[in-house]
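Given the sequences, and given the hints that come with them, work out the whole structure.
Line order of the protein sequences matches chains F and A.
Be aware that the first sequence starts at 4, since it is given in this note's numbering, and climbs by one per residue.
Be aware that the second sequence starts at 379, since it is given in this note's numbering, and climbs by one per residue.
These aren't lab readings, by the way, just hints derived from the structure by calculation.
Predicted model, so just to flag it, every value in this text is computed and none were measured.
Not one of these hints is a red herring.
List of simulated lysine-lysine pairs, DSSO-like, C-alpha gap at most 27 angstroms:
no. : chain 1 : residue 1 : chain 2 : residue 2
1   : A       : 449       : F       : 54
2   : A       : 511       : F       : 69
3   : F       : 54        : F       : 69
Here are some chain F residues pointing at chain A (derived, C-beta under 8 angstroms):
no. : residue
4   : 54
5   : 141
6   : 145
7   : 146
8   : 149
9   : 152
Beta carbons are placed, not taken as given, at the ideal position from N, Cα and C, and that holds for glycine.
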Amino acid sequence: MITREPQIFDEPTNVFQTAGRRLILACQGTGRALMMLLGAAVQTPFMFSRKNRQDVSQQLYQVGIKSLGVVSVVALFTGMILALQVGLELRRYGQETNIGMLVCISMLREMGPFMTGLVIAASVGSAIAAQMGTMTVGEEIAALDVMSINPLRYLMMPRLVALAIMMPLLTVYTNLLGILGGAMVGASQLGISWEAYFDNAFRYAENKDLYVGLFKAFLFGLIIVTVACYQGFTASEGAVGVGRATRRTVIVSFLLILIVGYFVTRLFYQ
Amino acid sequence: MIRFEQVSKRFGAKVVLREIDYEIHRGETFVIVGTSGVGKSVSLRHMIRLLTPDSGRVWVGDDCVSEASGKQLERILGRFGVLFQGAALLQWLNVEDNVCLPLRQTMNLPDEEVRARATEKLALVGLEGVGDKMPADISGGMRKRVGLARAIVTQPEIILYDEPTSGLDPVISRQIDLLIDSLRKQLQVTSVVVTHDLYSALSIGTRVAMLHDGQFAVCASPEEFVASEHPVVRDFLQAQGIAHLDDVRKAFGK
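Written out as structure tokens, the structure is:
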């Protein structure tokens, strides 16, 4: 059962007690969130079953298609800003033809998955947390538990599948638009031809850059869905609690995306 | 059928249930009344393992629900249908799909049979022809009835009602009470109702229990309940303007 009893503690008497309790609760929360991720992951073989395939396709649409607009704008302008900032500096040394390489590698390795992760955490992650939180405080999750419908399978698994598939796909899309945005700035403001830009861009980029970026995007997808569902399923105290769950989802997802992004980069680019 | 054995429960410093002992018999309508925050819903939630006791045990038949897990718990929960206070309908499903949900997710039945059962239960609660409406488009009373149809669609032995008439006007409240009474008779189910509405409790209950200070102040038939000299019960009756059971019967046109 996902529904848990409320945890009520005595007032802490000193700062050490407060810190210790926070640490214990953080460890408990991390453990529970990981168990939820595991619980939803073992349900993925049922994604094509008659009971679940409609929910999965609906979530794929929600995460993928409905996010395209905002992802497009963010991706295009990320590439444009990168090209402009780097290009203006490189022009001082007569190296502006290299912006293609710099934009391409930055997008593939870091900016593509990172920007996609932030956009999806803020839009999809917060929406998942708000929906799950509202269901929790409205006793809908408890009702599912009592009807012996596993919320991890019915609610979390379709979202997990959708984010695990769509995050890498959206990242590919972000990369392409970002590189295109860089080319537009290169052509319009730095006087670099499209051919020279793309030739430079793809000459130095490696397959590894793309794969590591996509791996990051996949991990970011897991982070977003786990944090959002955990925060939603543990929401309490009505509308205030739902707001808190949504805010925490965005903050914790952002922080984890940054931290995990750093360690994955360190792992593959030592 | 349902037995509480020395059950205690506290939240922080507040003791909600204090070594409570009682048994609900098969086929009866057991109503738990009391003021807000006294532990009525807490008591109900122990029966379906949404809460576990700090000490003591809760039995459903021969199964200890407070210690069950996995398949055993699933089997025990399969005996229950629950009407939650706010009906707990899934907002993105229409009325029919909400009622079909437990059948679709937990049983391998052909879709025609699932729909037929849902239509039958919706008719039983007086909601024919609203299957394609969304929960947001229907009234509070209708939502409760949809919740009730969903609770009975799996043909449970026990139905739990958490404040079934809260937030409803008196006319709709009486309709819900009559529905609870008729479902008990038609489906031969055991019903447990939590309410603070004494008119409702005394009209549908075969036994009425007043929860006060973590224990039952009185647990008796409606006639004995009204005649009780317990000061808490007398205050509660007086606050709702009930001096005799005839007052309730008159209000219900019995």
